[in-house]
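Novice: So you can see what is in the structure, the chains are spelled out below.
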Amino acid sequence: DQQVKQNSPSLSVQEGRISILNCDYTNSMFDYFLWYKKYPAEGPTFLISISSIKDKNEDGRFTVFLNKSAKHLSLHIVPSQPGDSAVYFCAASERTGTASKLTFGTGTRLQVTL
Amino acid sequence: NAGVTQTPKFQVLKTGQSMTLQCAQDMNHNSMYWYRQDPGMGLRLIYYSASEGTTDKGEVPNGYNVSRLNKREFSLRLESAAPSQTSVYFCASTGVFEKLFFGSGTQLSVL
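From first to last, the protein sequence lines are chains A and B.
Quick note on numbering: the working numbering labels position 32 of the first sequence as 71, and the sequence is numbered without any gaps.
Quick note on numbering: the working numbering labels position 21 of the second sequence as 76, and the sequence is numbered without any gaps.
Hints are supplied without guarantee of correctness; some may be wrong.
[To be verified] To give an idea of the chain B side of the interface with chain A (calculated C-beta under 10 angstroms), a few residues:
{"#": "1", "residue": "Asn83"}
{"#": "2", "residue": "Leu98"}
{"#": "3", "residue": "Asp111"}
{"#": "4", "residue": "Gly160"}
{"#": "5", "residue": "Ser164"}
Everything labelled a hint here was simulated from the structure, so no lab data went into it.
Every residue gets a Cβ at the ideal spot worked out from N, C-alpha and C, and that includes glycine.
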């Protein structure tokens with residue numbers, strides 16, 4: 040049972056436009072959410088996060104929105120750049136003692152075209 | 056500035072062979088993790104170690120064992136490899152909750 044879902048396997052956006060990546064979750068115990076970016080042949084790298092007590096977090100061109108009632112979060116990239124082309128993973132955290140167990144979505148491949 | 060180092064980067068095994076994937080981090084992190092990535096499945100947690108001396112099962116632990124050798128090193132062992140274990144394996148570590156730092160991965164094929 041997939042607790043974190045990214046229903047769009049791929050997304051193509053023109054350079055300079057907004058990219059919106061979506062993520063849904065089912066476990067109400069999740070209290071921290073993250074986005075990771077992954078280039079081919081590399082490990083995922085942390086991009087941006089949001090706590091469940093907030094509904095928005097912004098970092099430069101990247102903004103994450105959280106709608107707890109809908110169990111939905113989204114990542115906005117404005118403006119999109121060719122270097123943003125990568126696979127984006129949504130992740131949700133359930134803290135267990137002194138460690139965090141992240142549950143990842145299946146990823147959305149973003150292609151930013153010229 | 057190495058971060059998380061995984062070895063080997065590529066490996067081909069025959070069914071039934073054993074091997075150990077090595078992982079080391081130089082960031083003085085307490086927690087370390089092993090994930091596998093499969094097409095259409097995202098990253099799934101195999102095992103994790105909250106701190107030196109402790110290990111716990113993740114979502115898909117069957118067929119694997121781990122050892123937290125010291126604070127820096129966390130190894131993953133396949134005792135008898137199966138084709139279903141063909142995957143890309145990522146080691147990660149964190150000192151602050153949630154913000155995992157990942158290695159570059161090991162691509163494993165089991166024939």
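Novice: Evaluate each hint against the coordinates.
Specialist: Comparing the hints with the structure gives:
no., hint, verdict
1, Asn83, "violated, 15 angstroms"
2, Leu98, "holds, 4 angstroms"
3, Asp111, "holds, 8 angstroms"
4, Gly160, "holds, 6 angstroms"
5, Ser164, "violated, 15 angstroms"
In terms of the numbered hints stated before, the structure departs from hints 1 and 5, listed from lowest to highest.
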